[in-house]
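Q: Sequences and hints are given; from them, build the entire structure.
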Amino acid sequence: MTDATARGANGFRYIGRRRRAVEHRRFVLGQGRYAADLRLPGMLHVALVASPHAHARIVAIDVAAAAALPGVEAVLTGEELQQQVDPMLPGVDAPKVARYPLARGVVRYCGEWVVAVVAATRAQAEDAAELVRVEYEPLAHAGDAASAMREDAVLVHPEHGSNVIFQRKFRWGEVDAHFAAAARQLSYRVRWGRSSTVPIETFGVTCAWNDADGLLDVWASIQMPKYPDQLARCLRLPGNAVRVHYDIDVGGSYGVKRGLKHTVLVGYLARRLGRPVRLLEDRLENMRGGDMQGPDRQFDVTLAFDDDGTIRSMRMRAIDDIGAYSGRAPLQLGKPVGAIVGPYRIASVEYEAIAVLTHKTPQEAVRGFGQSPTNYAIERGMDKVARALGMDPVELRRRNLIGADEFPYLIPSGTTYDSGDYEVVMDKALRAASYDELLRERDALRSSGLLAGVGLSTCLEPSGGNSSFEPLFNARNETTTWMDSCLVRIDLGATVTALIGTSSSGQAHETLVSTVVGEVLLREPDSIRVLHADSLNALPSNSPVGSRMAIMLGGAAAGAAKKLRAKLLAMGAYRLGAQVDAVDYVDGAVVLRADASCRVSWEQLVDIAHRKHHELPPGMEPGLQEKFVWEVPTGGSLPDADGRVQMYPCHSFESHVVLASIDPLTGKVSLLRYVVGHDCGVMISPDVVHGMTYGGVAHAVGASLMEKFAFSDEGQLLSGTFMDYLLPSAEEVPAIAIVDHCTPSPLTEFGQKGSGEAGYLGGPAAIANAVNDALAVRGAAIDSLPMTPQAVWRALREAANHEGTTA
Amino acid sequence: MPSCVTIRMTVNGKAVERTVEPRQTLVDFLRDELGLTGTHVGCEHGVCGACSVLLDGQPVRSCCMFAVQADGLQVTTVEGLAPARGRLSTLQDAFCEAHALQCGYCTPGMLVACHALLERNPHPGEAQIREAIGGNLCRCTGYQQIVDAVKLASSQELCHD
Chain C
6 MTDATARGAN
16 GFRYIGRRRR
26 AVEHRRFVLG
36 QGRYAADLRL
46 PGMLHVALVA
56 SPHAHARIVA
66 IDVAAAAALP
76 GVEAVLTGEE
86 LQQQVDPMLP
96 GVDAPKVARY
106 PLARGVVRYC
116 GEWVVAVVAA
126 TRAQAEDAAE
136 LVRVEYEPLA
146 HAGDAASAMR
156 EDAVLVHPEH
166 GSNVIFQRKF
176 RWGEVDAHFA
186 AAARQLSYRV
196 RWGRSSTVPI
206 ETFGVTCAWN
216 DADGLLDVWA
226 SIQMPKYPDQ
236 LARCLRLPGN
246 AVRVHYDIDV
256 GGSYGVKRGL
266 KHTVLVGYLA
276 RRLGRPVRLL
286 EDRLENMRGG
296 DMQGPDRQFD
306 VTLAFDDDGT
316 IRSMRMRAID
326 DIGAYSGRAP
336 LQLGKPVGAI
346 VGPYRIASVE
356 YEAIAVLTHK
366 TPQEAVRGFG
376 QSPTNYAIER
386 GMDKVARALG
396 MDPVELRRRN
406 LIGADEFPYL
416 IPSGTTYDSG
426 DYEVVMDKAL
436 RAASYDELLR
446 ERDALRSSGL
456 LAGVGLSTCL
466 EPSGGNSSFE
476 PLFNARNETT
486 TWMDSCLVRI
496 DLGATVTALI
506 GTSSSGQAHE
516 TLVSTVVGEV
526 LLREPDSIRV
536 LHADSLNALP
546 SNSPVGSRMA
556 IMLGGAAAGA
566 AKKLRAKLLA
576 MGAYRLGAQV
586 DAVDYVDGAV
596 VLRADASCRV
606 SWEQLVDIAH
616 RKHHELPPGM
626 EPGLQEKFVW
636 EVPTGGSLPD
646 ADGRVQMYPC
656 HSFESHVVLA
666 SIDPLTGKVS
676 LLRYVVGHDC
686 GVMISPDVVH
696 GMTYGGVAHA
706 VGASLMEKFA
716 FSDEGQLLSG
726 TFMDYLLPSA
736 EEVPAIAIVD
746 HCTPSPLTEF
756 GQKGSGEAGY
766 LGGPAAIANA
776 VNDALAVRGA
786 AIDSLPMTPQ
796 AVWRALREAA
806 NHEGTTA
Chain H
-1 MPSCVTIRMT
9 VNGKAVERTV
19 EPRQTLVDFL
29 RDELGLTGTH
39 VGCEHGVCGA
49 CSVLLDGQPV
59 RSCCMFAVQA
69 DGLQVTTVEG
79 LAPARGRLST
89 LQDAFCEAHA
99 LQCGYCTPGM
109 LVACHALLER
119 NPHPGEAQIR
129 EAIGGNLCRC
139 TGYQQIVDAV
149 KLASSQELCH
159 D
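Same order as they appear, the protein sequences are chains C and H.
Numbering of the first sequence is given in this note's numbering, commencing with residue 6 and proceeding in unit increments.
Numbering of the second sequence is given in this note's numbering, commencing with residue -1 and proceeding in unit increments.
Keep in mind that the hints were calculated from the coordinates and are not lab data.
Mixed in with the good hints there might be a few duds.
Footprint (simulated), chain H over chain C, 3 or more residues, beta carbon under 8 Å [said to hold, decoys possible]:
#, stretch
1, 272 to 279
2, 701 to 709
3, 723 to 736
We put the CB at the ideal spot given by N, CA and C, even for glycine.
A: As structure tokens, this is what we get:
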């Protein structure tokens, strides 16, 4: 047994130690509290009528038969709803791109909600929904970004005047001069396919309106910054008339659980009907009309480099198909500005970001907020340059990686990387993968008739999510903080409770906060309770997005605990008749440094604070309760005129090494070896960090090889079920080895960085490089994700045909 | 309104009797009629495995069958895996120890699939474990720590904190 009060090798008592996650017990017992588990008396259920057309005029809606069915309480159309609620924010300055939960007059994508039916049971609501008759006049549609950007394109929102909702070209540094001075240039195009995080739980929300209190209660599987505020605005309610209960367990999110439109609809219905109302997406609604599809992006990149492999400059143009409405989607082109050169010493960059509206399901925030596609685009370029120079991709990276002695490192677009040791992490991964042996294994596979390749990536995970992309992409938005907060109290019984203002979707925040508070107060973490408050009794949170909670919630919890510790110290010193600088805080007690027998115990201190005002220092507040609101480190500044801004504060790093084989007859890719070198600074909960990294790699396997929201020429979603949209199973995800490295961040409380997007940020790039290494033997290449068996087979076929015609 | 049917079955060792619509799925029956919300709905078309329960000891998709089809049978849900109130089964304990879950949504189905595997093969190899959970999708874990947990459970070498 280890001594419970001993400090580990990292200097901490609890941080970095293996500890069972607090949350697990209720989940393995089937006692989670998910949105669908809530039962309220008199609760009604919603079923939706969705558009079967990508673009059509709504000619008429007949709800009479539906409304007459037993059990039906209401049939709501967009005609009524759009008059009663305000539109949701479009993310950028495009006020005429109005977005409401139900369409009115026109539908803009297949699956868009047109009518909501409310009934006593879900089955009755669905029965009634089938009886709603909607007459449409189909219209021509813009099915992809290229056609939507043409002069004569059909406009998704004619009031906006264009399908381009955001376009800006940034120039950071002497791009032209660096290009002119470079010996060589290489241009390429890569495509990131439309996929998403697709949690196993769909989105669900229940709302209840209380007439007497004038209060809307909301229980939702939500992961969204400022959700209560935006909901109140849309519903035209005062902020303190909306209470979001954050003690709902969220069944996975990774960015997408942002059902604002669902909640506006259900909140309106609950208020209108005076009954609790619930909407649970079924899987098709989730895939088609749940508005949670991810980036759908084309990159055109030119790299300028020298014969020795030095990359001097980059021009990148990214066009993203955001679908029919705008929310966070355009901003996913903004976040990568903070790591636009990846881990490389690239002196100047031109970056053009273009967000385009099309008649597709709208795009939502997805794990990494646009960074993984950008990393993929950069890393494909690194391999292309290596190939062009006949240089080992490892060596090329070695020559361009920012050195450990160069931090803090300012990149051309205005972000300073806090710390890192990139080459060492890459080397650790290569060593763990036995790189030379891996190459030999690849060659052996090739000899046996398979196609095989080795792929490498070195990628950044910006973390600590600030929202600097908001002012960067919208001058009317001056948000420069994305604080998070925590309240810690010690009760009369001398136990500790911490209150957080967000829901969790698997990130183990209760474990994080209890570990951190335990570390500061030197109390056993398992004795500390962590509660998810509701939005009216919580302090502000910007929710677990942007790999931020270890940094921001961890920092806030530590801040609150430190204030309590300072108070205990002051109380103890007063009780001992000593100055504060003459006492120490030892495992919850305050001890006179000169004489350890003079001490005030934890229990005594609590007793004084709660009962013995006469023993408190004069003027001190009784009780033991402190809050701390932490501003994002490095936050607080607006972008400059050229669009330079500090995006996120901390920068984790990962290097993936992959051995892949391809069956040349089927085009199917198998991943035979997978190693990740990972540095996210000090790990607070190593199991949690590793778990998210494994999961991120699995998600990367899906995005690069399997998952795609495919649309027909008519704009119909072709992959709306799990039989067409393929999620990787335990058979497709390989065994994964993680090698840790620790470069502490100088900006955070314990040296931690974020890791919620780990694995996903470097995975697709490495897998794509491995597949292309395999294909190169046949003169084939594939620069479009996902690399499905069909796509790989087609690439091989094209190369063979090409060879045939040129032979 | 379809005419209702009275069904009887044993759920987690207890006899239950309810009158239900023939179209009610087994998972809706378990969740809505019996309040056993540990069994989750993921895709409702038999792919994700979140709704897995044991039917006479065999893992099945409770979203793909009607409650009336379970008439007269034995159903075990995740709530029925623990040996006693307040305790964890060896497998549940191993899931906690190996951090085999994050959001917990797929976990009940995973536990059911792994429980069934260990019942028929107490010492499965990695390939057998991956095959057994191949019909249960998880978006959080990448399956690695689930495989580790099953190995741990089969080795019985659990160390309690």
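Q: For each hint, tell me whether it holds in the structure or not.
A: Hints, one by one, checked against the model:
1. 272 to 279: The restraint on the stretch 272 to 279 of chain C is violated, since only 0 of its residues have a Cβ under 8 Å from chain H and three are required.
2. 701 to 709: holds (count 4)
3. 723 to 736: holds (count 7)
Checked against the numbered hints given earlier, this structure breaks only hint 1.
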